[in-house]
Every structure is written in C-alpha cells, then in structure tokens.
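Add chain H to chain B, keeping to what the hints say.
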Amino acid sequence: MARRIAFASAMDVAAERAPQAAVRGPRWDGRFTVLILFLPPALLLFTLFVVLPIGEAAWYSAFNWNGFGRPTNWIGFDNYRFVLETRAFWLALRNNGLIIAVSLAIQLPLALTLALMLAERFRGAVALRMLFFMPYILAEIATGLIFSFVYDGDYGLVASIWRTFGAEPPHLLASTDTAMLAVLIVIVWKYFGFHMMLFIAALQGLDKSLIEAARIDGATRTQTLRHVVVPLLYPTIRLSVFFAIIGSLQLFDLVMPLTRGGPADSSNTMVSFLYNNGISRMRVGYGSAIGVILFVICVTFAFTYKRWFMRDE
Amino acid sequence: MSSTQTSRAPFDPAGLFKALFLAAIAIFVLVPLLATVLGGFKSLGELRVNPFGLPQHWEWQNYADILFSARYWQLLRNSLIISSLAVTLTLIVASMAAFAFAHVRFYGSSMLLSYLTLGLLFPAATAVLPLFIKVRDLGLLDTYFGVALPQVAFSLAMSVLLLRRFFKDIPYELLEAALVDGCSYIKFFRYVTLPLSRPILATVGTITFVNSWNAYLLPLVMLNTDALYPWPLGIMVYQGEYSSEWHLILAFITLTILPTVVLFLLAQKHIVAGLTAGAVKG
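Note that the protein sequences, when read in sequence, are chains B and H.
In terms of my numbering, the numbers along the first sequence are unbroken and rise by one, the last being 313.
In terms of my numbering, the numbers along the second sequence are unbroken and rise by one, the last being 282.
So here's chain B without its partners, still in its complex pose:
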C-alpha cells in the first residue's frame, strides 16, 4: 500500500515537472538519450580501469621493464619462465591450495553446522549470528594485526598459555613450520561467519512444507537433515565453495600484517607473492606475468566451475 502511494506521488511530481513533454518525438528518442547518457560512464570506467589493465598486463609481461619511460626491452615469454622457475611461486600456489583445502574440510562444515543450529529460533540465536559474522566485516589489516598480537611470542595470548604450562613460548609467525598454519587459523576465524550467513539465508528461504512432509512421513530429525535439508542446500554449498576458492586466490591484506609472506616465502599467497616480487620492486614485466598467470587461473576456474557444478542455476 505504502509502495503504491509512493508510486502515485512520485508520478505526480514527474508529471508536474514535464508539462510540455507530450509533444516530444517518438519514444525511441527517449530511449536513445538514455543509452547515450546512462551507459558510457559505467562502460568507460570499467574498460579503463578493469579491462584495459588486464590486456596491458599481457603486453607488459613480454618486457623486462621497471615502469619508467616506455617498455623497449622485449624478452618474449622469458618472464613466465622466470616465474615458473621461482620456488616461491610454487610455494604460494601450494599455500593457496592449502587455504582451499582448509576452507572445504574445516570452514565449510563448521559454517553449515552453525547455520543449522542458528537458523532455529531460540534466545540468543540472532546475537550469536551477529557475533560470528562480526570478524567478516573487520578489515583484513585489523584482523591480521590483532592476530599478530595473539601469536606474539612475548606478549601474545598463545605465549601466555604456553607460559602457564611452564613451557618456552613459540614464535609461531617466525618459523617456516608454523607460519602458514597460523595464517590458516586466522582465515577460518575471519571467514566462517560469512559462509554461515550464506547458509542461514538459504535455510530461511527453504520451502518449509518439504521438511514438514518428511517429518509427517516419519523421518527422524537426523534423517530429515541428511536427506532433505542438506540436499536442498546443495546450490548454496556449491556457491560457498566457489566463494572460498575465489577468495583464496585474492587473499593478500590478511597476510601482510601477519607474516608479509615469510619467513622464507613459507606463507605467501599468489597475491602476496605478486606484491613482494613484482609490485614492491617495480618489476613491471615480471609482476605482470604473475598477474596474467593468476588471471588465467581465476578465469579458467570460474568458467569450469560454472560449467561443471552450477549449470542448473
């Protein structure tokens, strides 16, 4: 009702301000004006700052260039060879794989379990949802700094727990054995709430009659969950996996305050590897080659995934 009133009053205003518009030309003119005025800003910005840079990355990647003047030192595919010969590149790739594995094996089941618990109505459910979602809206930089305190070998929370047991506190972020593990824990801490919210939104949109029907037919709670609710959530699960993988491929901000990708490149992700080796040293050609490789991985993954797993949506 309120909506309709809003329509009506808005129309009045519009009509009021356009007294002589009835004598305008055919409707096509109006549409043409809209296209001429409304589309170019978006298309221009998008082309200039998103599409062109990707194309230029492919072009620059064929040069040995420090970013000053014009690129002249053509070296063909050598940059790609250099990237693939760097051990740190493969470590970064492995770390991205680890992040994906942890997302699938720990974060996703955790998020799903919590969503099933918190989609029900009980006192405190909404507050818990909000609490679990909170880490997701914090900046990655702030999260990384908070956990570099948690892990700090002198002042941190972990160190304090170690000391109460009389042990010498470890410097988790400073050891090649534990740095990546420490980063992985922060990733779960920060992102499980987002996936939980995805599942809660999906659960609330489910057709309740299907669940009731199963209950009436004598299915137990567990059976209903296992054979009705979870299958109904498959589209959301596929989406959650998609986000987890794309998210892993762009992870950067979180790593910087924690480890900067170190020690000895043991906790680099693809993007922090790109930053440390291309951007911070202004090796435009080499960095662009890493960017192109990352781009190809992302796009290949997105298309394959959509084709294989999300065809029906």
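Since the hints were derived computationally from the structure, they do not count as laboratory data.
There may be inaccurate statements among the hints.
What the hints assert, rightly or not - Each computed DSBU-like pair below joins lysine-lysine, with the alpha-carbon atoms no more than 35 Å apart: (1) B:208 - H:269; (2) H:18 - H:134; (3) B:306 - B:208; (4) H:18 - B:208; (5) H:187 - H:168; (6) H:18 - H:187; (7) B:208 - H:134; (8) H:269 - B:306; (9) B:306 - H:187; (10) H:18 - H:168; (11) H:187 - B:208.
To be verified - Restraint-style ranges between C-beta atoms, simulated for each label pair: (12) H:68 - B:226: 56 to 66 Å; (13) B:230 - H:23: 51 to 61 Å; (14) H:43 - B:164: 16 to 26 Å; (15) H:237 - B:264: 30 to 40 Å; (16) H:105 - B:227: 36 to 46 Å; (17) B:165 - H:240: 30 to 40 Å; (18) B:219 - H:56: 49 to 59 Å.
The structure presented is a predicted model; accordingly, all values stated were derived computationally and were not measured.
Each residue gets a CB set at the ideal place from its N, CA and C atoms; glycine is no exception.
This is chain H only, laid out in the frame that chain B set:
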C-alpha cells in the same frame, strides 16, 4: 526443525552438546577481540603478565593520547573521503547503467551486460601493476581519485547486477503509463526509479563503503604521501613505528575498527543482505 520440544526436556544431552559447541565457537571469536580492546587499557608490563584478564590498573591514557592526536583523525578523514567518493560515484554510475539495462531494450544489451559481469571473475590484484601505470599516466597518482576511481570500476559489476534486478521488479506498465503521460525516461529514473529503490541503493552503498573503507592494496600502490593515507595504511605505519609497544598498537586497532563495528550495528540488515547478496541468483 523445532528446538522448543527438546529444550523443554529436563536433561537433554544433544542440547547440552549444542550449547557447549556454540559457547566454544563464541569464545574462539570473542577472546581475540576482547583481548585487543582490553589490551589497550593496560600498561606494557601488565600486558605481558596478564594478556587475558581485565586490567588491574586502567590506563585511559593510551586511548586518550590517540584520540587527541591529529594523526588518528587525519587517517579517518582520508578514509572517509575516499570511501565517500567511491560510494557516491558507484551509486550514480551503476544506477544509471542498471536503469538502461533494466528498462531499455537495445541491440547488444545482453552482450554489454556480460561484458560488465566479467569484473566478477578476477581480483583487482591481477592487473594492479598496469593499473598503477594507467593511474600514473592519468596524473592521478597520489590523489584520492586515484584510489577511488579504480575501486568504483571494480565494484561496478556487482552493483549493476544488484540494481538491475531490483529495477526490473518495478512494473513495466508503470513506465509505459508514465511515457504516455509525457514523462521522459530520465524523469522516470529520477522521480520514480530512484525513490522506489532506496533499500537496494542503501545495500549497494553499504557494500561499496565497507569494501573501500577496509581496502589496503589499492591505496598502498596508488598513494605515496603519508598525509593522504587511509587508516589501513596508517595503522601499518604506526605498527612499524611502535613495533613492540603492543598496548599502544592494540588501542590504535580498537579505535580504528570502532567505526566499522558501529556502522555494522547500525546497518547490519543492509550489510548482511549486501555481503551475502551474491548468494541469491538473479
């Protein structure tokens, strides 16, 4: 799926397990956050022996020093300027494009829309070096716009999709009637579409704001002058200067995440809807 039956029972092992599980996760989430806020109230010496508990002696000075420093406010101001630019430009540019895609049928419209949605497929980081060179060649290096414009460009794909889906739900008959009555497309957009779309505009605005407010990589690459740094860059510099004076760093972190948390509590509906919006297929 009712817990009301089970929770009424006098003893319920499943319910107990559930409560314990939820409590454990809540502790896992809360402890680092609380330790950060409280740590800002401790002296460095106390932080070392008592990182978990309440401060024995509340050091208000840590927070006060930061709140009375020009540095803190400058960081917030810079962040606010960049985020406001990004939000305003995104809303204007994206809603115009979304309107054209929603209400005007033209040759190649679906192709152009797919072109825009390519932006969803890869992170800004892949092309950040050429982007840096582009921004430099445009003379925008070390300016607020040099950060905000690429942010707008990268937020366009999602924004246009969300807005277009909402605009499409506005009945077509309404547009036809308006056109017959002599209203132009542009007036319809201004006086009907936009006022009716406040909820989705708020959602898109909030996502863009949070993303821009939290962004690190783009400002890191595009800005060289400390005076222009938004807070994520500023706090990294601060941490570099006070490397092991954790009590100050924790107070600084608390004060910089405070605006985000307040915004979250005020606009949680829009934030949750916006950030999980990709889930609902359009």
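Hints and how they fare:
1. The straight-line distance between the Cα atoms of residue 208 of chain B and residue 269 of chain H is roughly 23 Å, inside the 35 Å bound, and the hint therefore holds.
2. In summary, the hint linking residue 18 of chain H to residue 134 of chain H is not supported, as the alpha carbons are separated by about 54 Å, beyond the 35 Å threshold.
3. Distance check on the hinted pair: residue 306 of chain B and residue 208 of chain B sit about 28 Å apart at the alpha-carbon level, within 35 Å; holds.
4. A threshold of 35 Å between alpha carbons decides the hint, and for residue 18 of chain H with residue 208 of chain B the separation of about 23 Å falls inside it, so the pair holds.
5. With a C-alpha separation of about 17 Å, the suggested pair residue 187 of chain H and residue 168 of chain H falls inside the 35 Å cut-off, and the hint holds.
6. A threshold of 35 Å between alpha carbons decides the hint, and for residue 18 of chain H with residue 187 of chain H the separation of about 55 Å lies outside it, so the pair is violated.
7. For the given pair, residue 208 of chain B sits about 53 Å from residue 134 of chain H by alpha-carbon distance, which is inconsistent with the 35 Å threshold.
8. For a cut-off of 35 Å, the pair hint linking residue 269 of chain H to residue 306 of chain B stands: about 29 Å separates their Cα positions.
9. A hinted pair counts as satisfied when its Cα atoms are at most 35 Å apart, and residue 306 of chain B with residue 187 of chain H does not qualify at roughly 39 Å.
10. Our distance criterion of 35 Å between C-alpha atoms is broken by residue 18 of chain H and residue 168 of chain H, whose separation comes to about 43 Å.
11. With a CA separation close to 43 Å, the supplied pair residue 187 of chain H and residue 208 of chain B exceeds the 35 Å bound.
12. Between residue 68 of chain H and residue 226 of chain B the CB atoms are about 58 Å apart, so this pair conforms to the stated range of 56 to 66 Å.
13. At roughly 25 Å, the beta-carbon separation of residue 230 of chain B and residue 23 of chain H lies outside the given 51 to 61 Å, and the hint is violated.
14. For the pair residue 43 of chain H and residue 164 of chain B, the beta carbons lie near 21 Å from each other, so the given range of 16 to 26 Å is met.
15. For residue 237 of chain H and residue 264 of chain B, the hinted distance range of 30 to 40 Å is not satisfied, since their beta carbons lie about 25 Å from each other.
16. Taking 36 to 46 Å as the suggested C-beta distance range, the pair residue 105 of chain H and residue 227 of chain B conforms, at roughly 45 Å.
17. The beta-carbon spacing between residue 165 of chain B and residue 240 of chain H, approximately 32 Å, falls within the hinted interval of 30 to 40 Å.
18. The hinted range of 49 to 59 Å is satisfied by residue 219 of chain B and residue 56 of chain H, whose Cβ atoms lie roughly 56 Å apart.
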